[in-house]
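Residue numbers (the numbering used here), protein chains in the order written: chain V, 22 to 427; chain Z, 22 to 427.
Everything labelled a hint here was simulated from the structure, so no lab data went into it. Check before you lean on any hint, since a few could be wrong.
Any copy, or any two copies together, can satisfy a pair, since identical chains are not distinguished.
Pairs of lysine-lysine, PhoX-like flavour, derived with a Cα cap of 25 Å [to be verified]:
#1 Lys166 to Lys261
#2 Lys205 to Lys419
#3 Lys110 to Lys166
#4 Lys249 to Lys261
#5 Lys205 to Lys87
#6 Lys45 to Lys24
#7 Lys166 to Lys59
#8 Lys106 to Lys23
#9 Lys205 to Lys59
These numbers were taken from a predicted model, which means no experiment stands behind them.
2 protein chains.
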Amino acid sequence: MKKPNIVILGAGYGGIMTAVKLQKSLGANDANVTLVNKHNYHYQTTWLHENAAGTLHHDRTRIQIKDVVNTSKVNFVQDTVTEIKPDEKKVYLENGDLSYDYLVIGLGFEAATFGIPGLEEHAYMINNINSARLIRQHIEYNFAKYNNEAERNQERLNIVVGGAGFTGIEFVGELANRVPELCKEYDVPRENVRIINVEAAPTALPGFDPALVEYAMNSLEARGVEFKIGAMIKEVTPHKLVFEKDEQREEIPTNTVVWAAGVRGNSLVEKAGFESNRGRTPVSDELRPNGYDDVFIVGDCALIMNEESGRPYPPTAQIAIQQAEHTAANLKRLINGDGHLEPFTPDLKGTVASLGHDDAIGVVFDDKKLFGWSASAMKKVIDNRYLLKLGGLPLVLKKGKLNFFH
Amino acid sequence: MKKPNIVILGAGYGGIMTAVKLQKSLGANDANVTLVNKHNYHYQTTWLHENAAGTLHHDRTRIQIKDVVNTSKVNFVQDTVTEIKPDEKKVYLENGDLSYDYLVIGLGFEAATFGIPGLEEHAYMINNINSARLIRQHIEYNFAKYNNEAERNQERLNIVVGGAGFTGIEFVGELANRVPELCKEYDVPRENVRIINVEAAPTALPGFDPALVEYAMNSLEARGVEFKIGAMIKEVTPHKLVFEKDEQREEIPTNTVVWAAGVRGNSLVEKAGFESNRGRTPVSDELRPNGYDDVFIVGDCALIMNEESGRPYPPTAQIAIQQAEHTAANLKRLINGDGHLEPFTPDLKGTVASLGHDDAIGVVFDDKKLFGWSASAMKKVIDNRYLLKLGGLPLVLKKGKLNFFH
Numbered sequence: 022m023k024k025p026n027i028v029i030l031g032a033g034y035g036g037i038m039t040a041v042k043l044q045k046s047l048g049a050n051d052a053n054v055t056l057v058n059k060h061n062y063h064y065q066t067t068w069l070h071e072n073a074a075g076t077l078h079h080d081r082t083r084i085q086i087k088d089v090v091n092t093s094k095v096n097f098v099q100d101t102v103t104e105i106k107p108d109e110k111k112v113y114l115e116n117g118d119l120s121y122d123y124l125v126i127g128l129g130f131e132a133a134t135f136g137i138p139g140l141e142e143h144a145y146m147i148n149n150i151n152s153a154r155l156i157r158q159h160i161e162y163n164f165a166k167y168n169n170e171a172e173r174n175q176e177r178l179n180i181v182v183g184g185a186g187f188t189g190i191e192f193v194g195e196l197a198n199r200v201p202e203l204c205k206e207y208d209v210p211r212e213n214v215r216i217i218n219v220e221a222a223p224t225a226l227p228g229f230d231p232a233l234v235e236y237a238m239n240s241l242e243a244r245g246v247e248f249k250i251g252a253m254i255k256e257v258t259p260h261k262l263v264f265e266k267d268e269q270r271e272e273i274p275t276n277t278v279v280w281a282a283g284v285r286g287n288s289l290v291e292k293a294g295f296e297s298n299r300g301r302t303p304v305s306d307e308l309r310p311n312g313y314d315d316v317f318i319v320g321d322c323a324l325i326m327n328e329e330s331g332r333p334y335p336p337t338a339q340i341a342i343q344q345a346e347h348t349a350a351n352l353k354r355l356i357n358g359d360g361h362l363e364p365f366t367p368d369l370k371g372t373v374a375s376l377g378h379d380d381a382i383g384v385v386f387d388d389k390k391l392f393g394w395s396a397s398a399m400k401k402v403i404d405n406r407y408l409l410k411l412g413g414l415p416l417v418l419k420k421g422k423l424n425f426f427h
Numbered sequence: 022m023k024k025p026n027i028v029i030l031g032a033g034y035g036g037i038m039t040a041v042k043l044q045k046s047l048g049a050n051d052a053n054v055t056l057v058n059k060h061n062y063h064y065q066t067t068w069l070h071e072n073a074a075g076t077l078h079h080d081r082t083r084i085q086i087k088d089v090v091n092t093s094k095v096n097f098v099q100d101t102v103t104e105i106k107p108d109e110k111k112v113y114l115e116n117g118d119l120s121y122d123y124l125v126i127g128l129g130f131e132a133a134t135f136g137i138p139g140l141e142e143h144a145y146m147i148n149n150i151n152s153a154r155l156i157r158q159h160i161e162y163n164f165a166k167y168n169n170e171a172e173r174n175q176e177r178l179n180i181v182v183g184g185a186g187f188t189g190i191e192f193v194g195e196l197a198n199r200v201p202e203l204c205k206e207y208d209v210p211r212e213n214v215r216i217i218n219v220e221a222a223p224t225a226l227p228g229f230d231p232a233l234v235e236y237a238m239n240s241l242e243a244r245g246v247e248f249k250i251g252a253m254i255k256e257v258t259p260h261k262l263v264f265e266k267d268e269q270r271e272e273i274p275t276n277t278v279v280w281a282a283g284v285r286g287n288s289l290v291e292k293a294g295f296e297s298n299r300g301r302t303p304v305s306d307e308l309r310p311n312g313y314d315d316v317f318i319v320g321d322c323a324l325i326m327n328e329e330s331g332r333p334y335p336p337t338a339q340i341a342i343q344q345a346e347h348t349a350a351n352l353k354r355l356i357n358g359d360g361h362l363e364p365f366t367p368d369l370k371g372t373v374a375s376l377g378h379d380d381a382i383g384v385v386f387d388d389k390k391l392f393g394w395s396a397s398a399m400k401k402v403i404d405n406r407y408l409l410k411l412g413g414l415p416l417v418l419k420k421g422k423l424n425f426f427h
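Please work from the sequences and hints to get the whole structure.
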C-alpha cells in the first residue's frame, strides 16, 4: 500500500509545528512527510525586532531545523518554493519539484507597502534573519560614520520607524535600550539621536485598551522615543522621510526608515490560484481553501473570520501554532481513514507587547490588564511555552528567555 | 618669579609620554605644563589595525588621558590645533590660543596617498579610533548586506589592503582571524571571501630579513590571504580597485579598500614654517628644528638620520617614546638653568610584526630572529612595557595584552 505524501511548505511557526506534531503522532508507515524551507533554520518572527535593534543576537532567535525535526521521520528539503500548482498536486522548487497527496502551506507574510513611493526601495523591513541583522548593522554603521565626517550629518542619527502597531512599538522599545549603548560605543552624545515613530492611525497600538496605550507611550517617551500619531508617510528617499499630519507636510532627514506597518500574505498563494485577498486565502473551518480538500493553510496566509467582531483574526504566532497543531491532528484523522475533520476555533490566550527594559503591556485571559514587569515576565513565559512545545525542555534551556530578573 | 609655560601638542606616544615624564620630574613650582589633544583619550596607534579588523575592541586601545595624566600637575586642554606660530611663540586652537616658552610638538602622522586617483576619497585609513572602528563596521555591513540582495555582489566580500609594509601585513593577519567569524555571523561561505594585499615594492615587508618575509607570507597565505606583489595601485573607485603588475592592468571589484601604504608628517608642521619634507622636520641632536631653540619635535614629525644606513629612521612608536623621555629630561635641564642639553640617539630594541593568531615575526636585540609564538609573545611584552612606563602596573592590568596562552 502506497504511503501518502504530506508536503509542508515553510518552517515558520505554522509549518514547523505541523511537522513536529506529525512526527510525534504518525507511525513510520503512515505517511511520507516532507518539510520544505528556504533556510536550514526556523526562526521566531516575534523576536526579530530584538535582532534588528541589536539587543538580542539572531542565533537566539533561530533554531536549527535538525534540532527539532527528526530527519529519520520527516524529510527536510532546503529549497525555495517557486510555484504551487494545486490542480497538478505539485510544488515547484528552485532545484526540483515535489508531488503531494496532502499539502500544508505555512508560507509566511510579506511586507505590504501600500504603494507609498520609495518605501519598498529605501525602507528596511523586519522580515527575516537576514533583513533583521542588516537593520542592526545599518544603524550601527551610521553611528560609526558620524564622527568620521567633517560635517556632522543628522541623517545618520535619526531613526524613523513606520508604524506604531505591535511590531513598531516593540521595535522602538528595543531601540530605546540599544541607542545609549551605541552612543557609548561611537562617542555620540545621546541627545543628538532621535527615535521617531510615525503612525497613520489616530492612536498607537490600535485595538489595545487606551489605558495600556497611554502607559506604553509614556514609558517609551520617557526613554526618548518621539511619536507622530495620525501622520501619513508620503514618501521615502535614501536620505529622508516625508509625512503629512494635520494637513502639514514635514520632512525628517534620515538614512534609516524601518517599515513595521503592514504585512500581507504570500504572493505564491495568490499565484497558486486560490481565492485570496492580498495573499490571504479564506479557509474553511478545517483550514482548507475552497475547492481544494487536499490543501491546508496555516498561519499568515490563512484568512479566518472572528464571528464576534465580524473582522478577520490578525495573523499572529499564537493562531499559527494552534492551526498547526489542529491541522496535524486532522491529517492524522485523514490518513487513518477517518473522514470527519474537526473544525478549528482559535483559543486566544491574550496579547503582550514588550516595551524593552523589562517593561511591557498586555491583556491576558479574560481581559485582565498587565503592565510593567509582570507583563514582561508573562511575555517570556509565553515565548518559553512555545519552545517547550516545539523542542521540549532542552530547547527552552538553549533558546528560552530565562532572564526574568536581570 | 614667573614659571615657564611648557605646551605639548598631541597626546600620541610622544606627547603623552613627555607629559607623564614631566609630571614625575618637575616640581609644582618649576613650570606650567599644558597638554593639548583633540580627544580626551590617548590611543595606541600600533593597535589600531586590530580595532579596524574587529579582533580587539577600541576601548582596549584607548586610554583616558585623566587616567595617566595628573591634572593637578599638568593642564589638559581638549581642543584641535589649527596653527603653530613659532615666531610669536603661540599656538592657535579651534577654541582659543596658548602662549609658550617651550613647545613640544607631538602631532602625529597623516596618510600619504601619492596622488593616486580616488584613494583619498574612497579608501579607508587606519588613522585613529574613529576611522579604525569605521573600517570594522564597513566590512561587517557589507557582510550583512550580502545575503539581502537578489544578485550576490562580490564587491562586498573582496577586501583589498593597499600596502604589505608593517601595518598592511599586521592588518591582513587580523583580517584572516576575523573573516571566519564574520562568515559564521552572516551565513556567508568562507570560500566566497577574498583578502587581497597589494604591494608596489618587489617584496612584502621591505627591509625585513627575507627568511622572515617568507615565513610571514606562507603563514598568511595558509590562512587565505592573497598577495599581489610588485603591483602598483592605479585607481580606486567606490566599487573597484585597479592595479598594474607586469605591465598588465587588473581590476578587483570591491567596496573595501584599506590604505596602509604610506604616512607623512603633519601638515601643521609644514605650515608652521619649519624646514620640512612632507611634514617631517629635520631636527638637531636635541630634537629642535633649525633656528627654534624653544621648540622640540618628537615622534612622527621629527626627521632624524640613521648615520649607519644614511637614511632617516622610520617613524615608530619605539623612537617616539624614547624621544619623549629624552625631551622631558632636556626640558628639566633647561628649566633648572642647565644650558647643556643631551643629544638623542635611538636605542633600537628590535621590531616585531604580528600575523594574527598567536603568530608573528621579528628581529630583536642583535639580529636575533624570532617567529611564531615566541615572536607573538615578545610583541605582547613590548606592548605591556609601554603601558608600564605610561601608567604603571594598574594600566598594564587594565589594558595590557596578558593573553599569552589563549
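Evaluation of the provided hints:
{"no.": "1", "hint": "Lys166 to Lys261", "result": "both (17 Å within a copy, 21 Å between copies)"}
{"no.": "2", "hint": "Lys205 to Lys419", "result": "between (30 Å within a copy, 19 Å between copies)"}
{"no.": "3", "hint": "Lys110 to Lys166", "result": "neither (53 Å within a copy, 37 Å between copies)"}
{"no.": "4", "hint": "Lys249 to Lys261", "result": "within (15 Å within a copy, 42 Å between copies)"}
{"no.": "5", "hint": "Lys205 to Lys87", "result": "between (39 Å within a copy, 18 Å between copies)"}
{"no.": "6", "hint": "Lys45 to Lys24", "result": "within (17 Å within a copy, 87 Å between copies)"}
{"no.": "7", "hint": "Lys166 to Lys59", "result": "between (34 Å within a copy, 18 Å between copies)"}
{"no.": "8", "hint": "Lys106 to Lys23", "result": "within (22 Å within a copy, 94 Å between copies)"}
{"no.": "9", "hint": "Lys205 to Lys59", "result": "between (37 Å within a copy, 18 Å between copies)"}
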